[in-house]
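There are 2 protein chains.
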Amino acid sequence: MSKPNVLVIGSGGVGAISALSLSHNGGSTVTLVVRSDYDLINEKGFSINSCTYGKLTNWKPHNLARSVSEAREKYGPFDYILLTTKNVPDGPTTCEEIVAPAVTEQNEVIILLQNGIDIEKPMIAKFPGHLVLSGVSHIGSTYYHGHVENKGIDAVFLGDFNPKPACQHRASSASAAAKIEEFISIYHNPGFNRIQVDANVQKTRWEKLMYNSVFNVMTALVDLDVNSMQINGANDDLIRPAMAEIMAIARSVGVECDQGIVEKFVHIGDGLFYSPSMCVDMRKKQLMELEVILGNPIRIAREHSVPTPILGVLYPLLKMVQFRIKQEKKMFVIDQRDFQGSSDDYPRIFEEKYRH
Amino acid sequence: MSKPNVLVIGSGGVGAISALSLSHNGGSTVTLVVRSDYDLINEKGFSINSCTYGKLTNWKPHNLARSVSEAREKYGPFDYILLTTKNVPDGPTTCEEIVAPAVTEQNEVIILLQNGIDIEKPMIAKFPGHLVLSGVSHIGSTYYHGHVENKGIDAVFLGDFNPKPACQHRASSASAAAKIEEFISIYHNPGFNRIQVDANVQKTRWEKLMYNSVFNVMTALVDLDVNSMQINGANDDLIRPAMAEIMAIARSVGVECDQGIVEKFVHIGDGLFYSPSMCVDMRKKQLMELEVILGNPIRIAREHSVPTPILGVLYPLLKMVQFRIKQEKKMFVIDQRDFQGSSDDYPRIFEEKYRH
Numbered sequence: 001m002s003k004p005n006v007l008v009i010g011s012g013g014v015g016a017i018s019a020l021s022l023s024h025n026g027g028s029t030v031t032l033v034v035r036s037d038y039d040l041i042n043e044k045g046f047s048i049n050s051c052t053y054g055k056l057t058n059w060k061p062h063n064l065a066r067s068v069s070e071a072r073e074k075y076g077p078f079d080y081i082l083l084t085t086k087n088v089p090d091g092p093t094t095c096e097e098i099v100a101p102a103v104t105e106q107n108e109v110i111i112l113l114q115n116g117i118d119i120e121k122p123m124i125a126k127f128p129g130h131l132v133l134s135g136v137s138h139i140g141s142t143y144y145h146g147h148v149e150n151k152g153i154d155a156v157f158l159g160d161f162n163p164k165p166a167c168q169h170r171a172s173s174a175s176a177a178a179k180i181e182e183f184i185s186i187y188h189n190p191g192f193n194r195i196q197v198d199a200n201v202q203k204t205r206w207e208k209l210m211y212n213s214v215f216n217v218m219t220a221l222v223d224l225d226v227n228s229m230q231i232n233g234a235n236d237d238l239i240r241p242a243m244a245e246i247m248a249i250a251r252s253v254g255v256e257c258d259q260g261i262v263e264k265f266v267h268i269g270d271g272l273f274y275s276p277s278m279c280v281d282m283r284k285k286q287l288m289e290l291e292v293i294l295g296n297p298i299r300i301a302r303e304h305s306v307p308t309p310i311l312g313v314l315y316p317l318l319k320m321v322q323f324r325i326k327q328e329k330k331m332f333v334i335d336q337r338d339f340q341g342s343s344d345d346y347p348r349i350f351e352e353k354y355r356h
Numbered sequence: 001m002s003k004p005n006v007l008v009i010g011s012g013g014v015g016a017i018s019a020l021s022l023s024h025n026g027g028s029t030v031t032l033v034v035r036s037d038y039d040l041i042n043e044k045g046f047s048i049n050s051c052t053y054g055k056l057t058n059w060k061p062h063n064l065a066r067s068v069s070e071a072r073e074k075y076g077p078f079d080y081i082l083l084t085t086k087n088v089p090d091g092p093t094t095c096e097e098i099v100a101p102a103v104t105e106q107n108e109v110i111i112l113l114q115n116g117i118d119i120e121k122p123m124i125a126k127f128p129g130h131l132v133l134s135g136v137s138h139i140g141s142t143y144y145h146g147h148v149e150n151k152g153i154d155a156v157f158l159g160d161f162n163p164k165p166a167c168q169h170r171a172s173s174a175s176a177a178a179k180i181e182e183f184i185s186i187y188h189n190p191g192f193n194r195i196q197v198d199a200n201v202q203k204t205r206w207e208k209l210m211y212n213s214v215f216n217v218m219t220a221l222v223d224l225d226v227n228s229m230q231i232n233g234a235n236d237d238l239i240r241p242a243m244a245e246i247m248a249i250a251r252s253v254g255v256e257c258d259q260g261i262v263e264k265f266v267h268i269g270d271g272l273f274y275s276p277s278m279c280v281d282m283r284k285k286q287l288m289e290l291e292v293i294l295g296n297p298i299r300i301a302r303e304h305s306v307p308t309p310i311l312g313v314l315y316p317l318l319k320m321v322q323f324r325i326k327q328e329k330k331m332f333v334i335d336q337r338d339f340q341g342s343s344d345d346y347p348r349i350f351e352e353k354y355r356h
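Chains as they are written, first to last, in the UniProt record's numbering: chain A, 1 to 356; chain B, 1 to 356.
Take the hints with a grain of salt, since some may be wrong.
For identical chains, the list gives no copy identity; a pair is met inside one copy or between any two copies.
To be verified - Derived lysine-lysine pairs resembling DSS-like cross-links, with alpha carbons at most 25 Å apart:
| no. | residue 1 | residue 2 |
| --- | --- | --- |
| 1 | LYS330 | LYS264 |
| 2 | LYS74 | LYS208 |
| 3 | LYS264 | LYS203 |
| 4 | LYS74 | LYS3 |
| 5 | LYS126 | LYS86 |
It should be emphasised that the hints constitute simulated quantities derived from the structure, not laboratory data. Please read these numbers as outputs of a predicted model, since none were measured by experiment.
Take these sequences, add in the hints, and give me the full structure.
See the structure below:
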């Protein structure tokens, strides 16, 4: 039997180390899609400084491709598609559109190694019949201009988005378990990374969301690192109550987060003066993962009548910041002449004239 | 009887036109304190483009001074002290400290031509026995590097902060009324400006606050003009409910704002793509009038148990933005080694080590 063929999409801090973990294991053929920095990586490879894999220079996986289409043409079809890009459904390209060129067979397994809630829904709707798996990464890794700084071990929790009770869908469930097991077997490098089957990966996902939807969102809004927010009393004013809101939303969909997680997160960055990725995105005028990290949880809360007094104010504010970033990126240019009547009509006018 | 002697403190858009209104009237001697741009104004005067006074070049009032102390020494004592500066009690200098060098007699009348709520309290506490009057300006005027652009007529509402019932304190009340009348007589230029006795100036002040505490605060937080916020649905998501909160806080101190004012303000800037002064301050990395515009109303709300679900989230967020601006202005430099233990202790550590 030939080795599984794996496509890794997204060559940032997470994607590059995922490709390294797969390559290091040796159990698969690895193709990495590198978009903006293709020429750089193709010529010089990655330079990597990893807390577990050590210092590597000129590192490349088996195959590089400029686009998902090119990857499919040259190196496909794939058994596994590992998606590690940012997830910005309100951006120019949705994740389904990114993945689509690689989905040609009926049996590609799509693994979303991404943040956020309800990210599987549009993927399953677009590719019915495909197995879509939930990966939650606890890696610490950043990419800049060919260099990967990997300070926290590559740790992946992998499971079903919606694990079926044993009595139902026994066949597909069994197949999901086999695929999870196979992927772990080609990804795991004992001592270098961690990857485990997570029977309750939704809980893991919601718990990670408790950090992202609070710390990422607030730091992006006020342009301060976490400790500077805490100097201003944010722990009690905003952080603890906002995390309690996420916990309540999770509970409304049957997920009970660990009680201790709030205090763990409140203190996880003590003394580090760390700026989360969404804050960094805002500073770089890059689109934020606002909808999957905050918008989708807020929509679940509304559906289940869960009060969100803090997150419900943060969300419209952050949407406006995203709007500003889109303007700065020239994704649209507002013509003021379109907005001269009642300001109550402006959202409708924008929707009609400025959405592609 | 000699003409009243008037000191105008603050030479921005409001202060420059106030000095012009007084000078044009001719009924007083006008001294203007010009701090940062003294050399420029002393040499070349103001260039003014006013919707009512027309185009003026090389304009100066009778006297200029570099500081309140110099004004007092050269041109004092004063009958009226008109304070037109920004009011930033959490900044390097409070308004009481600014005014203090000019208060040497017992009979100076202090007029606060400034935004915000409860601004008279520290002033009255610092200068007991002095008449402190409330001025609310509806002018449209901006100052930049010697030039004043005065697009909206200088309109002033003047009254007692706490008008006494007729039966009480008849003498001081009568004296306040006489001073208000006198100041109006030396300020009013029919056709060029408007100034009127306002028996209910607290209502006028709260109504102006409804704009400032909502539009100023939100635009400063998301760095967008008003119409761009409205394109994003802010009218219903945030603006109307936040203004209703201010209305409820005013009601808790016996001030009933006009119902129609919410819709007036929602539509006052339709089509103008206007950025309020606090947003401009934030962009220029200048301190914002956060405490008098939002902090004091929030404190009144807490005292009177008025719920402020939106403003109560905006306030801690905006405090963090103010903290960022203070850092950018080098008002303090955080030494990260001071903040290494539990983040719950950071506010206390900051209070102890970084407050002057």
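Right, here's what the structure says about each hint:
1. For the homomeric pair LYS330 and LYS264, neither the shortest alpha-carbon distance inside one copy (40 Å) nor that between copies (32 Å) is at most 25 Å.
2. Taking the closest pair of Cα atoms, LYS74 and LYS208 never come within 25 Å of each other, the shortest separation being 36 Å inside a single copy and 66 Å across copies.
3. Only within a single protomer do LYS264 and LYS203 lie at most 25 Å apart by alpha-carbon distance; the minimum there is 16 Å, versus 47 Å between protomers.
4. Proximity of LYS74 to LYS3 under the C-alpha cut-off of 25 Å is restricted to the intra-copy arrangement: shortest distance 17 Å within a copy versus 91 Å between copies.
5. In the homo-oligomer, the alpha carbons of LYS126 and LYS86 lie at most 25 Å apart inside one protomer (18 Å), although the nearest pairing across protomers, at 56 Å, exceeds that limit.
The earlier numbered hints that this structure contradicts are 1 and 2.
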